[in-house]
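For chain A, the structure is supplied; the task is to place chain B on it using the hints.
Okay, here's what each chain looks like letter by letter:
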Amino acid sequence: MAGLLWILVIIYGLLGFGVATDKTEITPGLALDLAGGRQIILQAQSLDGSEIDSNDLKQAVEIIRKRVDASGTSEAEISTQGDRNIVVGLPGEPDEATLDLVRKSAQLQFRPVLYVGMPQPTQAGPVGGAAEGADDIERPTPTNPSDPAWITVEVDAQFAALDCTNPENLTNGDLGDPDKALVACRADGASKLILGPVELTGEDVSTASAGPTLNPQTGAPTGGFEVRLDLTGGGGDKFRAVTERLSQTPSPRNQFGILLDGVVITHPQVTTPIPGGKAQITGDFTLKEAEQLANQLKFGAIPLTLELLTDDHISATKGADELRNGLIAGAIGLLLVVIYSMFQYRALGAVTVGSLLIAGGVTYGFITLLSWGLGYRLSLAGVAGLIVAIGITADSFIVYFERVKDELREGRSLQSAVEHGWSRAKRTIIISDVVSFLAAAILYWLAVGSVRGFAFTLGLTTIVDLIVVILFTHPTLVLLARTKFFGEGHRFSGLDPRQLGRDVMYKGRGRVATQTGGAGNAAERGAEGLTLAERKALKAKTRTQSDAGAAVATEEKE
Amino acid sequence: MAGLSNWGNRLHSGETSYPIVQQRKRWLLISLGLVAICIGILLIKGLNPGIDFRGGTEYTLSEVSNVDTAIARDLIKNELPAEEPRIVVVGGDSIRIQLGQLEQSDILDVRQKLAEAYDIAPADVSSTFIGPTWSKDVSNKAIQGLVVFILIVTLVLTAYFRAWRMAVAALVALLHDLVFTVGIYALIGFEVTPASVIGFLTILGYSLYDTVVVFDKVKENTSDLTSQHRYTYAELANLAVNQTLVRSINTSVVALLPVAAILFIGSYMLGAGTLQDISLALFVGMAVGTFSSIFVATPLEVVLRQREPRIAKHNEDVQRAREGGKSDVVREDGTVRVGALQPGHHQGTAAQPRRKRRK
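So the protein sequences, as listed, match chains A and B.
Just so you know, we're using my numbering here: the first sequence kicks off at 1 and counts up by one.
Just so you know, we're using my numbering here: the second sequence kicks off at 1001 and counts up by one.
Please note that the accuracy of each hint is not assured.
[Said to hold, decoys possible] The list that follows gives simulated cross-link-like pairs (lysine-lysine, DSS-like), each with its CA atoms no further than 27 Å apart:
hint, chain 1, residue 1, chain 2, residue 2
1, B, 1326, A, 58
2, A, 238, A, 278
3, B, 1326, B, 1313
4, B, 1113, B, 1077
5, A, 180, A, 238
6, B, 1219, A, 426
[What the hints assert, rightly or not] The calculated label-pair distances, taken between Cβ atoms and stated as ranges, are:
hint, chain 1, residue 1, chain 2, residue 2, range
7, A, 430, B, 1136, 35 to 41 Å
8, B, 1148, A, 331, 34 to 40 Å
9, B, 1315, A, 13, 57 to 63 Å
10, B, 1032, A, 347, 40 to 46 Å
11, A, 2, B, 1045, 55 to 61 Å
12, B, 1077, A, 149, 51 to 57 Å
13, A, 168, B, 1139, 53 to 59 Å
14, B, 1119, A, 289, 53 to 59 Å
15, B, 1321, A, 427, 29 to 35 Å
16, B, 1309, A, 6, 48 to 54 Å
Keep in mind that the hints were calculated from the coordinates and are not lab data.
Bear in mind that the values here come from a model prediction, so they are computed numbers and not experimental data.
Don't be surprised by glycine CBs; every beta carbon is placed ideally from N, CA and C.
Extracted from the complex, chain A is given alone in its bound form (with noise of 0.2 Å):
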């Protein structure tokens, strides 16, 4: 009982503390099929049909939370389910380009730099594009990536027209065509640039790395971080082939850009070919700085498509409906319940009821806390299970009331009944919560989608039904047990004896109560709480009165 007490104590103490500081509501928060809003379920698929790496996944989740919380939307939920699944919910109506951030995969490219400019908005680009007579400007065939000559009249008139100082343009660009030039910003914005055709993709990094600079020649490191890239053996190749060009081309078309969704997350000079697919980023990185732009290009480097599993736009009247019929449902559940076991159980059944109502108050802590310190979130099939925890909870009481009703029948005393019946019933409601409980594990650990919050409510149910019924039932029928109104076995006490088929209730000290079956012999009712001496002689005042037919007023145990 203390137990129980210091539990909801604790429970609702934290509640109470998060409420009065405004950290937490006194309601559980509510999943997207409750409140309403939208959901949206993807699934990784790999692109060369290997196993997906639950780091990938990770790393995929982090980018497109990062996509989402750019975009300005608020209490996005992101995570990943099962093993390659990605859900994805937003509240209330994001618009469609929201929706897109997130259908979206991760895209890096790798494409020669052109040209450098300011990062506002010019008359005209280096070509002169957006000046007036453009059209006639001839533009020579380009013989390689980083010939100027890609920088047609159109490329030049994008480029004018670029505003990288508004921060739209710095997430999320056009991922323009791969064989053609680009415009596109730099990630902080410091900068727009004109970019070469697609040279590597992500698929040709197969790893990246931050870590301290280190000098060349002593291997001391010098205070500085870079990125350390790792390519594939066809990227390394490439990338060969494209240092070499590089080197030997002027500034700043000697460097290289890196986009992420289309947007420059760097561009690097490159001094000198690099072999052995292995380069080194440098530059004025803090250790944050670099390990980002190496998360980055892992990302870009995943080999991960998402394909759109379901998408679901839930209003919230709906949710709302469907929340107020979930708790109509459950009350009339409840009041069934509660109807049956008063019936079934009379006074006894008062136990299960407040059984019940503590078991749901522990269970509303429970889950308002998770929903604070976890996140959790209610759905409808969370409701559902709960509703039907109601059913699974009560039948740990009634295996116990059945114990100790076997109990009485085997002819012990109740507070004897009580013990035994527990120590018994105990193991029983054990072993079928462990069950019980292992079912929702599993459920909970394999499960997509609406399962997990149905799992989650029963797992839970059934340790709280657990920690009622030890804490709170037992202890409250052992202190019912010494009252007089149990103890004696009242008839509307659920627990008498006569009823159970105990005619002979032995009350200690000599003394046994009987049943009061033989109606109008004064004798036999008066037998109830006379000693071992009085009953001898009234037996025996009785038999010498009656003859044959008279009923034996008492039955004698040993």
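Here is chain B on its own, set in the frame of chain A:
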């Protein structure tokens, strides 16, 4: 409730006893037959997959004042002539429209137009797009979950009951419940949605839960089996089933009541939805689960365990004692009265309340 209570008393003492285990061949054959029929229906008729398994687009319009499905039908005909919409009114003021797989732009377009046609806010139109591979994912996970669950549970139960045969019997009862429930789904043609799959998977837990409670009593009754020669293993197991009968009934009623409440609310107030799908599967599964824990699990458990040399030998001993007239439990008509000979024999000091040690 005195009637049920009295009945419980007689069941407990063995005064009234249903020969469920004795008639195990009959019950197992009936169950086998029913399972065969279920499998037959499944193979011939198959399940009715919901939209989540077919893939497609679904719209739900909430709080519609005019639930005329013709409006939607005409609209879809104009907008997407290639589609064959399934349109139903659910729960009085909602309309559900199911279409094939649409393009992203069409989904939004149709949503907007539906909202206009029914004069409701676009926010009141829910749309769901389900890709073609989603269902494969759900089914794979469900099967994976089933396999892992069965393996772990076999281990746990074998460890707890110290008899792998008990675990096997419990699992067979479990599979019986699953096949039966799915069979009923195929027979009646209920739509199978991911929510129904949740329901099916929950049956796993519930069915086992129920069986474990019965088996626990069997285990208790037969714990001192070889130290007595009055009753056979089968007879004691049957006593256990009878003794837990009242509990089984109470449990089923209490477990089914909330589920029935959801089913009722789901059907009459909201139409088909997650709640209704889960509760329908659970309702069928729980009812079947109660049946199987009594009529399938225990009889099968007895069939299996009688093969254990220890129990087989004990059986022979009991039979020999009875033929030799040494047994005091055979009634005049040749039947055996299983149960305590004198109900409520003295419990010794065990009947005394335990001394509570103060902390």
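Hints and how they fare:
1. Between residue 1326 of chain B and residue 58 of chain A the alpha-carbon distance is near 74 Å, which puts this suggested pair outside the 27 Å criterion.
2. Between the alpha carbons of residue 238 of chain A and residue 278 of chain A the distance comes to roughly 12 Å, so the proposed pair stays at or under 27 Å and holds.
3. Under the criterion of a C-alpha separation no larger than 27 Å, the hint pairing residue 1326 of chain B with residue 1313 of chain B is consistent with the structure, at around 17 Å.
4. For the hint linking residue 1113 of chain B to residue 1077 of chain B, the alpha-carbon distance of about 12 Å falls within 27 Å, and the restraint holds.
5. With a C-alpha separation of about 18 Å, the suggested pair residue 180 of chain A and residue 238 of chain A falls inside the 27 Å cut-off, and the hint holds.
6. Restraint check: the Cα-Cα separation between residue 1219 of chain B and residue 426 of chain A comes to about 15 Å, which is no more than 27 Å; the hinted pair holds.
7. The supplied range of 35 to 41 Å is met by residue 430 of chain A and residue 1136 of chain B, whose beta-carbon atoms lie about 38 Å from each other.
8. With their beta carbons about 35 Å apart, residue 1148 of chain B and residue 331 of chain A fall inside the hinted range of 34 to 40 Å.
9. In this structure the hint that residue 1315 of chain B and residue 13 of chain A lie 57 to 63 Å apart at CB holds, the actual value being about 60 Å.
10. Checked against the given bound of 40 to 46 Å, the beta carbons of residue 1032 of chain B and residue 347 of chain A, roughly 45 Å apart, stay inside it.
11. A beta carbon spacing of about 58 Å between residue 2 of chain A and residue 1045 of chain B agrees with the range 55 to 61 Å that was offered as a hint.
12. Between residue 1077 of chain B and residue 149 of chain A the Cβ separation comes to about 54 Å, which falls inside the hinted range of 51 to 57 Å.
13. Our hint of 53 to 59 Å for residue 168 of chain A and residue 1139 of chain B is violated, since their Cβ atoms are close to 42 Å apart.
14. For residue 1119 of chain B paired with residue 289 of chain A, a C-beta distance near 54 Å keeps the hint of 53 to 59 Å intact.
15. Roughly 32 Å separates the CB atoms of residue 1321 of chain B and residue 427 of chain A, a value that falls within the hinted 29 to 35 Å.
16. Distance hint check: the CB atoms of residue 1309 of chain B and residue 6 of chain A are about 51 Å apart, consistent with the given range 48 to 54 Å.
Checked against the numbered hints above, the structure breaks hints 1, 13 and satisfies the rest.
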